[in-house]
Amino acid sequence: MPDGGIGAPTKRREDTRFLTGRGKYTDDFTPQNTSYCAFARSQVANGKIKSIDTSAAAAMPGVLAIFTGEDFVEVGGNPAGWAIVSRDGEPMKEPKRPVLAHGKVRHVGDAYAAVIADTLEEAMDAVEAIEADIEELDAVVDMASAVANSGTLVHDEIGTNTCFDWGWIEDNRAATDEAIKKAPHVTTLELINNRLVPNALEPRCSIGEYDPGTGDYKLTTTSQNPHLSRLLISAFVLGIPENKLTVLAPDVGGGFGSKIYHYGEEALVLAAAKKLGRPVKWTATRTEAFLSDAHGRDHVTKIELACEKDGTFIAFRTETMANVGAYLSNFSTATPTFLHGTLMAGNYTVPNVYVNVKAVFTNTAPVDAYRGAGRPEATYSLERVIDKCARELGMDPVEIRRKNFIKKDQYPYASAAGLEYDSGNYDALMDGLEKTADFAGFEARRAESAKQGKLRGLGINAYIEACGIAPSNLVGILGARVGLYDAATVRVNPTGNISVMVGAHSHGQGHETAFPQIVADMLGVDPETIDIVHGDTSKIPFGMGTYGSRSLAVCGSAVFRATEKIIVKATAIAAHMLEDEPDNIDFSDGVFSIAGTNKSVGFGDVALKAYIPHEYPIEGLEPGLEETAFYDPANFTYPSGAYASEVEVDPETGKVTICSMVALDDFGVVVNPMIVTGQVEGGLAQGIGQALLENSVYDDNGQLLSGSLMDYAMPRADDLPSFVVDHSHATRCNHNPIGSKGCGEAGAIGSPPTIVNAVVDALARGGHDVDHIDMPVSPSRVWAAMNK
Amino acid sequence: MPKVTMNINGRARSTEVENRTLLSTALREKLHLTGTHIGCDTSQCGACVVHVNGKAVKSCAVFAVELDGATIDTIEGQAAPDGSLNVIQQAFKDHHGLQCGFCTPGMVMSAAALLKDNPKPNEAEIRDYLEGNICRCTGYQGIVNAIMAASGQAVPAIAAE
Ligand code: FES
Ligand code: FES
Numbered sequence: 001m002p003d004g005g006i007g008a009p010t011k012r013r014e015d016t017r018f019l020t021g022r023g024k025y026t027d028d029f030t031p032q033n034t035s036y037c038a039f040a041r042s043q044v045a046n047g048k049i050k051s052i053d054t055s056a057a058a059a060m061p062g063v064l065a066i067f068t069g070e071d072f073v074e075v076g077g078n079p080a081g082w083a084i085v086s087r088d089g090e091p092m093k094e095p096k097r098p099v100l101a102h103g104k105v106r107h108v109g110d111a112y113a114a115v116i117a118d119t120l121e122e123a124m125d126a127v128e129a130i131e132a133d134i135e136e137l138d139a140v141v142d143m144a145s146a147v148a149n150s151g152t153l154v155h156d157e158i159g160t161n162t163c164f165d166w167g168w169i170e171d172n173r174a175a176t177d178e179a180i181k182k183a184p185h186v187t188t189l190e191l192i193n194n195r196l197v198p199n200a201l202e203p204r205c206s207i208g209e210y211d212p213g214t215g216d217y218k219l220t221t222t223s224q225n226p227h228l229s230r231l232l233i234s235a236f237v238l239g240i241p242e243n244k245l246t247v248l249a250p251d252v253g254g255g256f257g258s259k260i261y262h263y264g265e266e267a268l269v270l271a272a273a274k275k276l277g278r279p280v281k282w283t284a285t286r287t288e289a290f291l292s293d294a295h296g297r298d299h300v301t302k303i304e305l306a307c308e309k310d311g312t313f314i315a316f317r318t319e320t321m322a323n324v325g326a327y328l329s330n331f332s333t334a335t336p337t338f339l340h341g342t343l344m345a346g347n348y349t350v351p352n353v354y355v356n357v358k359a360v361f362t363n364t365a366p367v368d369a370y371r372g373a374g375r376p377e378a379t380y381s382l383e384r385v386i387d388k389c390a391r392e393l394g395m396d397p398v399e400i401r402r403k404n405f406i407k408k409d410q411y412p413y414a415s416a417a418g419l420e421y422d423s424g425n426y427d428a429l430m431d432g433l434e435k436t437a438d439f440a441g442f443e444a445r446r447a448e449s450a451k452q453g454k455l456r457g458l459g460i461n462a463y464i465e466a467c468g469i470a471p472s473n474l475v476g477i478l479g480a481r482v483g484l485y486d487a488a489t490v491r492v493n494p495t496g497n498i499s500v501m502v503g504a505h506s507h508g509q510g511h512e513t514a515f516p517q518i519v520a521d522m523l524g525v526d527p528e529t530i531d532i533v534h535g536d537t538s539k540i541p542f543g544m545g546t547y548g549s550r551s552l553a554v555c556g557s558a559v560f561r562a563t564e565k566i567i568v569k570a571t572a573i574a575a576h577m578l579e580d581e582p583d584n585i586d587f588s589d590g591v592f593s594i595a596g597t598n599k600s601v602g603f604g605d606v607a608l609k610a611y612i613p614h615e616y617p618i619e620g621l622e623p624g625l626e627e628t629a630f631y632d633p634a635n636f637t638y639p640s641g642a643y644a645s646e647v648e649v650d651p652e653t654g655k656v657t658i659c660s661m662v663a664l665d666d667f668g669v670v671v672n673p674m675i676v677t678g679q680v681e682g683g684l685a686q687g688i689g690q691a692l693l694e695n696s697v698y699d700d701n702g703q704l705l706s707g708s709l710m711d712y713a714m715p716r717a718d719d720l721p722s723f724v725v726d727h728s729h730a731t732r733c734n735h736n737p738i739g740s741k742g743c744g745e746a747g748a749i750g751s752p753p754t755i756v757n758a759v760v761d762a763l764a765r766g767g768h769d770v771d772h773i774d775m776p777v778s779p780s781r782v783w784a785a786m787n788k
Numbered sequence: 001m002p003k004v005t006m007n008i009n010g011r012a013r014s015t016e017v018e019n020r021t022l023l024s025t026a027l028r029e030k031l032h033l034t035g036t037h038i039g040c041d042t043s044q045c046g047a048c049v050v051h052v053n054g055k056a057v058k059s060c061a062v063f064a065v066e067l068d069g070a071t072i073d074t075i076e077g078q079a080a081p082d083g084s085l086n087v088i089q090q091a092f093k094d095h096h097g098l099q100c101g102f103c104t105p106g107m108v109m110s111a112a113a114l115l116k117d118n119p120k121p122n123e124a125e126i127r128d129y130l131e132g133n134i135c136r137c138t139g140y141q142g143i144v145n146a147i148m149a150a151s152g153q154a155v156p157a158i159a160a161e
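So the sequences go chain by chain: X and S.
1 is the number of the first residue of the first sequence in full-length UniProt numbering; add one for each residue after it.
1 is the number of the first residue of the second sequence in full-length UniProt numbering; add one for each residue after it.
FYI, nobody ran anything at the bench for these hints, they're computed from the structure.
The model shown is predicted, which means the values in this text are computed figures rather than measured ones.
Among these hints, one or two may not hold up.
Quick list of in silico lysine-lysine cross-link-like pairs, DSSO-like style, CA-CA up to 27 Å [claimed, not checked]: (1) S/Lys30 <-> X/Lys24; (2) S/Lys120 <-> X/Lys11; (3) S/Lys55 <-> S/Lys30; (4) X/Lys274 <-> X/Lys93; (5) S/Lys55 <-> S/Lys120; (6) X/Lys539 <-> X/Lys569.
Every beta carbon over 10 Å from chain S, so not counted as near; a handful from chain X, in silico [said to hold, decoys possible]: (7) Lys11; (8) Glu14; (9) Leu64; (10) Lys96; (11) Glu131; (12) Glu399; (13) Asn404; (14) Asn695; (15) Ser706; (16) Arg716; (17) Arg781.
The C-beta atom is built at its ideal place from N, Cα and C for all residues, glycine as well.
For reference, chain X alone in the conformation it holds in the complex:
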């Protein structure tokens, strides 16, 4: 076994370029003769575009072209990737999402014109000179009034603000209603899953290029999935043939979901580059990011938990309104449905689950998948209502969860929400948590805090998520308009080193380090001899990209399968070289040998033979050593975890301080534990941000009040504690070849309910009758809850 295979905490090779300023992010590229693009964006949330006069702007120095919605009337809309069917059998409402607003502007920041100029300053100055006559209409902001359809509509042509009204599983509705009616105890909780702005630190940026000599287009862009973006642009929006469009996603400064989607700015720079015959570059300001990136979460939920008096769960029933904003972003319809409703049985043997989700158009920025995507919302609802139920029944929160956990010998387990969990051991995670978080010592720590005048609380949570999205046949039945396999090509070069082209995209996840660990492990070669190629559609096979904690479980499995094919072929070549049958050849540690003899040949010699096929059985074996695999998963993967946090509440101010945050996760087989720990820590910070700090707030007129980093509270180093992260309580995923489940979102899923549970616990122990506080659990909200 070489050093640095599966399980090694290998330091990241990509770090060297990032640490020396040699990373190449989209905005670091400025092709020769680049022109610059700036957008005119709506200042009102809902408005009728009566006229746009660009004549003064067009006469400004340096201005090369101006585009408005009129220029894109003929081209297609940016589609939703998942078709949802309402309870009554009606298809969801899909209003067109144009490249530039046409007829109406529908949220503050909705782009209605674009200026291209020689310099960015000239483009920005010209935007100011565009005279747009936009008649402001009443804005639809609050979801409850939007659903009532009593006032304005976001999209007049669909006649409603409800995109769909979805039931999961509709056939279980009656039984769930009945079970709740008869249940000895029902706990009800209304809660808000606060709207968030992903705020990847690198703002979106796109550069369009067109070569009139060949008719080739190139889009360099901040994307988590260049092939998916190309497909959307080619098949739906601009109609550029895929073979004439290269999409390049170079180093990308974080995504968290917000860079999955195709955005109109990408289409605009391509169309402008064609028209002008010059490269066109657009870089978002942070303000534009706040106004136009897809936001996350934004659910208003009522959840009921029915149980026996001893805490045995009977049913969960959930009613949710999910904000989709003004337009359907690409995954916006999948996120509150199949990534949320299917998880509403949690880690529990509950027999009845029913979820109703109404997706609602409002005059706000589009909402789509953000780190966790539907699963944080599911976990938050479940784990909050379970905590409340335990309190009502006088049960320990650990005990009520353990009583209902799926047991380790019950797998595969068909959940009442329609998923088949393949593996897990929730009791083992909880056992580990009790020790690692030192529940036994809590009382002493609480007494110590009390001496300082602080209320201390302990919050716990158990979560499960579905990752590794997804089996294409299954999601096809459920409405997905794409397959969700991934792909890898392993190319062994003549001199024996290896290039691996992958469909996944690394924007912080460390694929360039971790994927070679898999190949090195299998081939018995030094991982340093293996390179990963990603992010360039002209080089990589068609894969679906990176989101939903899928890269290792799906694309890593494709890498695994392609490497298996390499081994098969290399074994055949080795057999020829050793003058024996392939079946008699052993391969280990990079050496092919015949058992019981001293005949052997190294992997490097076999590679050379593949490319210099002299004395080669050319009739039965092609030269070369390059294999591609498309891997379509058999099931989702099901990472799970148990988290605990202790907080101190200052009763004078309501300020919450996190004293400890302990995360135990089951990710299955871990390829690089250092990277996995980092993924959890980053997720924890985002989850704690949601719980305590972050909130995307629109006023009644649809103005974004939290539209800058001064108004939107991002977690900073001094807001966070040191984390304790442990992924040793692992059960193998038993349907993919690596055994990995995925780790990217866990921290953001598990931490918000943990923190809120801890705060409510602190207040309860302090004698305050508080059931719930909505996130972010800010000092003012805590203080108000204590002093109501």
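Fit chain S with the ligands to the supplied structure of chain X, relying on the hints for placement.
Then chain S with the ligands, alone, in the frame of chain X:
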């Protein structure tokens, strides 16, 4: 347009700038030093931190035209001429102090300024000092560990599997 001459990473560099050109823009667009990043428009994120006359400064918050004769150090000047990482850079790599790398140049430059003033900061001092540098990826744990290590202090071992 006014011309400014600055000593950047040990070399005199001259460029013409408008009065409104920020140092960050001058570095990136005029001098092609794209290691300094722009993450915001309100001087909040710290991705653009460089050293001006030895002090950590958000380069998006100063005009280039005011810096004639100044000494500027950027991320591009931190490694040795042979490319080997300096102590702070190496510690970031060893302790997984970066993921997407976008905040990293600013973090490294801020860390260098902190350690110059306070060679052995404790965890609270490090967290407090980094208040002006946002990282969306790491949760800061690896960054704090890296700065502890770079200052010769013990750090908890990275959780093994
Ligand atoms: S770019 Fe300078 S602080 Fe954000
Ligand atoms: S590493 Fe991505 S923002 Fe810090």
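Numbers of the earlier hints that this structure fails to satisfy, in rising order | Hints 4, 7, 8 and 16 contradicted; others consistent.
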